[in-house]
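Undergrad: For reference, the chains in residue letters:
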Amino acid sequence: MCAMEPTEAQLVEMFRRMVRIREFDERAGLLLERAIVPGAVHLYVGEEAVAVGVCAQLNDDDYITSTHRGHGHLIAKGGDLGKMFAEIYGKATGYCHGKGGSMHMADQSLGILGANGIVGAGGPIAAGAGYTCKFRKQGQVTVCFFGDGAAAEGSMHEAGNLAAVLNLPVIFVCENNLYGEFAHVDEHHAISDIADMATGWGMAGAVVDGMDVLAVFEAAGEAIARARRGEGPTLLECKTYRFYDHLGRDYGLTKRPEDEIAHWKARDPIARLGTALAERSLISAADQDRIVEETRAEIEAAIAFAQESPEPAPSALLEDVYVPEPAGTTNG
Amino acid sequence: MPEKLFSQGIVEAQAHEMRTDPTIFVAGEDIELGGVFATAKGLREEFGSRVFNTPIAEAAMTGLAIGAAATGMRPIVEIMFMDFMTVAMDQVVNQMAKMRYMFGGETRLPLVLITHAGAGHQNAAQHSQSLEAWFCHVPGLKVVWPSDPYDGKGLMIAAIRDDNPVIYITNKLALGTRADVPDDAYTVPIGKAAVKREGEDVTVVAVGAMVPEAIKAADAVAERGLSVEVVDPRTLSPLDTDTIVRSVRKTGRAIVAHEAVQFCGYGAEVAAQIAQHAFDALDAPVLRVGAPFSPVPFNPNLEKAWLPGAEEIIASIEQLIPTGARA
Ligand SMILES: Cc1ncc(C[n+]2csc(CCOP(=O)(O)OP(=O)(O)O)c2C)c(N)n1
Ligand SMILES: [Mg+2]
Numbered sequence: 001m002c003a004m005e006p007t008e009a010q011l012v013e014m015f016r017r018m019v020r021i022r023e024f025d026e027r028a029g030l031l032l033e034r035a036i037v038p039g040a041v042h043l044y045v046g047e048e049a050v051a052v053g054v055c056a057q058l059n060d061d062d063y064i065t066s067t068h069r070g071h072g073h074l075i076a077k078g079g080d081l082g083k084m085f086a087e088i089y090g091k092a093t094g095y096c097h098g099k100g101g102s103m104h105m106a107d108q109s110l111g112i113l114g115a116n117g118i119v120g121a122g123g124p125i126a127a128g129a130g131y132t133c134k135f136r137k138q139g140q141v142t143v144c145f146f147g148d149g150a151a152a153e154g155s156m157h158e159a160g161n162l163a164a165v166l167n168l169p170v171i172f173v174c175e176n177n178l179y180g181e182f183a184h185v186d187e188h189h190a191i192s193d194i195a196d197m198a199t200g201w202g203m204a205g206a207v208v209d210g211m212d213v214l215a216v217f218e219a220a221g222e223a224i225a226r227a228r229r230g231e232g233p234t235l236l237e238c239k240t241y242r243f244y245d246h247l248g249r250d251y252g253l254t255k256r257p258e259d260e261i262a263h264w265k266a267r268d269p270i271a272r273l274g275t276a277l278a279e280r281s282l283i284s285a286a287d288q289d290r291i292v293e294e295t296r297a298e299i300e301a302a303i304a305f306a307q308e309s310p311e312p313a314p315s316a317l318l319e320d321v322y323v324p325e326p327a328g329t330t331n332g
Numbered sequence: 001m002p003e004k005l006f007s008q009g010i011v012e013a014q015a016h017e018m019r020t021d022p023t024i025f026v027a028g029e030d031i032e033l034g035g036v037f038a039t040a041k042g043l044r045e046e047f048g049s050r051v052f053n054t055p056i057a058e059a060a061m062t063g064l065a066i067g068a069a070a071t072g073m074r075p076i077v078e079i080m081f082m083d084f085m086t087v088a089m090d091q092v093v094n095q096m097a098k099m100r101y102m103f104g105g106e107t108r109l110p111l112v113l114i115t116h117a118g119a120g121h122q123n124a125a126q127h128s129q130s131l132e133a134w135f136c137h138v139p140g141l142k143v144v145w146p147s148d149p150y151d152g153k154g155l156m157i158a159a160i161r162d163d164n165p166v167i168y169i170t171n172k173l174a175l176g177t178r179a180d181v182p183d184d185a186y187t188v189p190i191g192k193a194a195v196k197r198e199g200e201d202v203t204v205v206a207v208g209a210m211v212p213e214a215i216k217a218a219d220a221v222a223e224r225g226l227s228v229e230v231v232d233p234r235t236l237s238p239l240d241t242d243t244i245v246r247s248v249r250k251t252g253r254a255i256v257a258h259e260a261v262q263f264c265g266y267g268a269e270v271a272a273q274i275a276q277h278a279f280d281a282l283d284a285p286v287l288r289v290g291a292p293f294s295p296v297p298f299n300p301n302l303e304k305a306w307l308p309g310a311e312e313i314i315a316s317i318e319q320l321i322p323t324g325a326r327a
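If you read the protein sequences in the order shown, they are chains P and E. Just so it is clear: in the first sequence, position 286 is 286 by my numbering, and no numbers are missing. Just so it is clear: in the second sequence, position 202 is 202 by my numbering, and no numbers are missing.
The set of hints was computed from the structure by calculation and includes no laboratory data. A portion of the hints provided could be inaccurate.
To be verified - One side only, chain E facing chain P, incomplete, derived with CB under 10 Å:
#1 293
#2 297
#3 305
#4 306
The beta-carbon is built from N, C-alpha and C at its ideal position, and this holds for glycine as well.
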């Protein structure tokens, strides 16, 4: 999959996945707000075009590293909604058997190496997975999703340089949503385009409209094709926006200007693709509504699965600290 | 005395010192909003640019404190979750802790690194750890962990005034508790433990969040006629061994409790100190209460099972003095 023009089937699938992410996180946000699920949930609403545009260019055996705001990455790469909700509920049937939660989901079978609670930690891990891809010579690639805030961490810069020096098939995808926690990106960086860091890292870099899934699809397609050909890493900066707060829907700490919110909401990536699809007579507005309804049913089924699932057994506490070993080789 | 939030006492301590010492500054992620645990709430409003946000870069933030302290400032830098201290470990362990010794005793690093530890809020493996033992293992660092609002304010003032680097740890959940805290400035001396409750039969040396848990345990076993002495080191390094040994010599039994993973935890050091200095006074082996050997799980029930607390302390007391036996 590296054609720059998406097929009709791809377009429809991208629409579906964006809707799936949107509906998933709208519900996840509500569940957190009503204290039905424990812990913290970081919502991807508004940023759907980034994960979906990139992952539409990936195969199941390609790898991604994700972030604390990771639901979108998982769903875009084919994650199972039931296992995701079950994990958010802390249930035994969840992706991590209830031991990770929203911030720590992984699916090894889909090459999803894990969401991460440590900002910037995915960069070096992506370099390592990229090394495996290079070693295997099967054209696999690794995508590292990271935030604008994460771009200030030393780990990201070490990883970028390392990936370039080793010529690794890694695509660093910066999701610049204008905020790192509660502070505007201008407080995090003196430069205005994170993509400019590519110069210092020694790789190609580009700014992409992260609210336009077709633009993301195209830019990611080029970068991924280069990586598959052994031509090294790329840094893509996708300009996007989170429609909700850093944590949950309204944590109450981020002060964002109303006109800024309005400006970005007017560029809603799902509405935008929807309009394009209707214009091209690929999916009518009515069919789009039907997709939303179908997705909502899928989400409700996934939530029901999570609710009905069992709690982890007490013995799970001490399992999986290590690969199973003979008795007596762990610390009591 | 007015009742205040634990976090508010920490704010007052910083504000008080900042009013008289212009070299103090406060930096951290989202610190202008008061920090996510409110331990700097309102400081930006009063002190303007002396309180500033940093990019998300714990190694550089810590280095900023070191470099500024070495050249005449008194920085207070917040590393939001103790788990994120790991990102700054070279700066803490190889630089901050060693500069003075390595460079012939010329350097002074009057800085405070404040960080927030502990589980119990379903934030899973990377936002819940208590890593105090790592820092106590490194010569050159002072490590304090106040367990109540009064000590919180007094130890913060002492930490700011100290000419050495101080790692100031709080328990996140404790920051929302209230107690009487004086309005004016006072210090709780670094290196002095406190007997938080007097007793005769067993000593519980408790760290951070385990102090209120030990007091709960003491209340519970008081019903069966046992009297428990609770000692809070408050400063984990340098440790006030004398106060602990004095207590154990009186009671003849000791338990060390902390939330951190028990294996190779801080309790091992305290137990060894007791064994070394009060062996002849001991009626039983020193017991430890700590978390099991696993990361912190997300699921609330598993997390509860992971978390040590009053229940485990009571079980240890029962083990030392079985029901029926007299102290
Ligand atoms: C090493 C580390 N430092 C700080 C944090 C606290 N934190 C969690 S998310 C976040 C902001 C990240 O911003 P960005 O990378 O832009 O991602 P976004 O939340 O905008 O998707 C911060 C500071 C953390 N989790 N890890
Ligand atoms: Mg961001």
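Undergrad: Next, verify each hint and record whether it holds.
TA: Do the hints match the structure? See the list:
no.: 1; hint: 293; in the structure: holds, 4 Å
no.: 2; hint: 297; in the structure: holds, 4 Å
no.: 3; hint: 305; in the structure: holds, 5 Å
no.: 4; hint: 306; in the structure: holds, 6 Å
In summary, the structure agrees with every hint in the numbered list given earlier.
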